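Asks: All chains, please: the whole structure from these sequences, using the hints.
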Amino acid sequence: MLVFNIVLVLMIIGAIIAMEIKDLLSSVIALGAVGMGLSLQFLLLKAPDLAITQLVVEILVLVILIRATIGRNIEKEYPKNKFRYLISGLIFLILFLWFGIKALNDLPKFGSALMNMGSRYIAEAKDKTSAVNVVSAIILDFRGYDTLGEVTILFASVLGVLSVLRMTKVKKRIDK
Amino acid sequence: MTVYFLCFMLFGIGIYCILAKANIVKKIIGFGISEYAINLFFILLGYRVKSEAPILVKDGSAVNFVDPLPQALILTSIVIGLGITALMVALAIRLYEKYGTFDISKMRSLKG
Numbered sequence: 104m105l106v107f108n109i110v111l112v113l114m115i116i117g118a119i120i121a122m123e124i125k126d127l128l129s130s131v132i133a134l135g136a137v138g139m140g141l142s143l144q145f146l147l148l149k150a151p152d153l154a155i156t157q158l159v160v161e162i163l164v165l166v167i168l169i170r171a172t173i174g175r176n177i178e179k180e181y182p183k184n185k186f187r188y189l190i191s192g193l194i195f196l197i198l199f200l201w202f203g204i205k206a207l208n209d210l211p212k213f214g215s216a217l218m219n220m221g222s223r224y225i226a227e228a229k230d231k232t233s234a235v236n237v238v239s240a241i242i243l244d245f246r247g248y249d250t251l252g253e254v255t256i257l258f259a260s261v262l263g264v265l266s267v268l269r270m271t272k273v274k275k276r277i278d279k
Numbered sequence: 004m005t006v007y008f009l010c011f012m013l014f015g016i017g018i019y020c021i022l023a024k025a026n027i028v029k030k031i032i033g034f035g036i037s038e039y040a041i042n043l044f045f046i047l048l049g050y051r052v053k054s055e056a057p058i059l060v061k062d063g064s065a066v067n068f069v070d071p072l073p074q075a076l077i078l079t080s081i082v083i084g085l086g087i088t089a090l091m092v093a094l095a096i097r098l099y100e101k102y103g104t105f106d107i108s109k110m111r112s113l114k115g
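From first to last, the protein sequence lines stand for chains A and B.
Position one of the first sequence corresponds to residue 104 (the working numbering), numbered consecutively onward.
Position one of the second sequence corresponds to residue 4 (the working numbering), numbered consecutively onward.
Rather than coming from a laboratory, the hints here were simulated on the basis of the structure.
Given the structure is predicted, the values throughout are model-derived calculations rather than measurements.
Mixed in with the good hints, there may be bad ones.
Stated by the list, open to error - Below, a list of computed lysine-lysine pairs in the DSSO-like style, where the Cα atoms sit at most 30 Å apart:
#, chain 1, residue 1, chain 2, residue 2
1, B, K61, A, K229
2, B, K101, B, K30
3, A, K229, B, K53
4, A, K205, B, K53
5, A, K185, B, K101
6, A, K231, B, K53
7, A, K125, A, K185
8, B, K109, A, K125
9, B, K30, B, K109
10, A, K125, B, K30
11, B, K101, A, K125
12, B, K53, A, K212
13, A, K185, B, K109
14, B, K30, A, K185
15, A, K231, B, K61
Replies: What follows is the structure in structure tokens.
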């Protein structure tokens, strides 16, 4: 139990560094460190598929964000009205924690999941789908329509990126 | 229970980063942090003590697994998060090319 807390505290420290550091590139790399901590956490929580996916996605996000920040002139943020945001953020955090405590009383304690649906999936995965990995049996067979929606959203976002970034090229060509 | 509160703290840091920072890249980073916190919370809910990853072994005895359903759903959520981040970064690059800055308070035309 202690090791989850330690990794989460390290992730929180990394998140605070990513939030407060002035240099944008260092901030992006600190976000990468948080993502790697999350991948380690998934591995400790017995979710190896998620750990692998998180690792790959984290590297891709790092590449995309570095592409956005590198070469741009990085200007210093000057402090303005920080106090107001700090107060509103603290109020939000206190309210959120309070409602969180209220909600956590109804949930099972950490380390004892209910598994109303999960035990049925585990029992039926081998016979119905003949897949050894229960997670891939769920995403590809029991909940195949969810995966179809996921792929649709991913395709739509790629189309969005292409259409947003392609406009600049067309405009530059007109400028010439 | 401490794990849940640390997870909530991570989410709060992400929300504060979205609210308080003027830089668009910092806002994207805050979005990513809060997304990590939500993903981690669902996996924490499905964890069981002294259990194995949900992969069936050869003799077929399903002994004591963690909950596979949150893992399958969060696997979808991680990939969708990649798409959202890519779209936000593309918009940020486009805004930088139009206004010459990442600072959202200097983009005059956005103020209604």
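Asks: The structure should be examined with respect to each hint, and the outcome stated for every one.
Replies: Here is what the structure says about each hint:
1. K61(B) to K229(A): Within the cut-off at roughly 11 Å; holds.
2. K101(B) to K30(B): Holds, at roughly 19 Å.
3. K229(A) to K53(B): holds (23 Å)
4. K205(A) to K53(B): Holds. K205(A) to K53(B) sits at ~28 Å (cutoff 30 Å).
5. K185(A) to K101(B): holds (27 Å)
6. K231(A) to K53(B): holds (27 Å)
7. K125(A) to K185(A): holds (15 Å)
8. K109(B) to K125(A): Roughly 18 Å between the alpha carbons, so the hint for K109(B) and K125(A) holds.
9. K30(B) to K109(B): holds (15 Å)
10. K125(A) to K30(B): holds (14 Å)
11. K101(B) to K125(A): Answer holds: K101(B) to K125(A) is near 23 Å, not above 30 Å.
12. K53(B) to K212(A): Given pair K53(B), K212(A) holds - Cα atoms ~14 Å apart, limit 30 Å.
13. K185(A) to K109(B): Within the cut-off at roughly 17 Å; holds.
14. K30(B) to K185(A): Satisfied, since the Cα-Cα distance of roughly 15 Å is no more than 30 Å.
15. K231(A) to K61(B): holds (17 Å)
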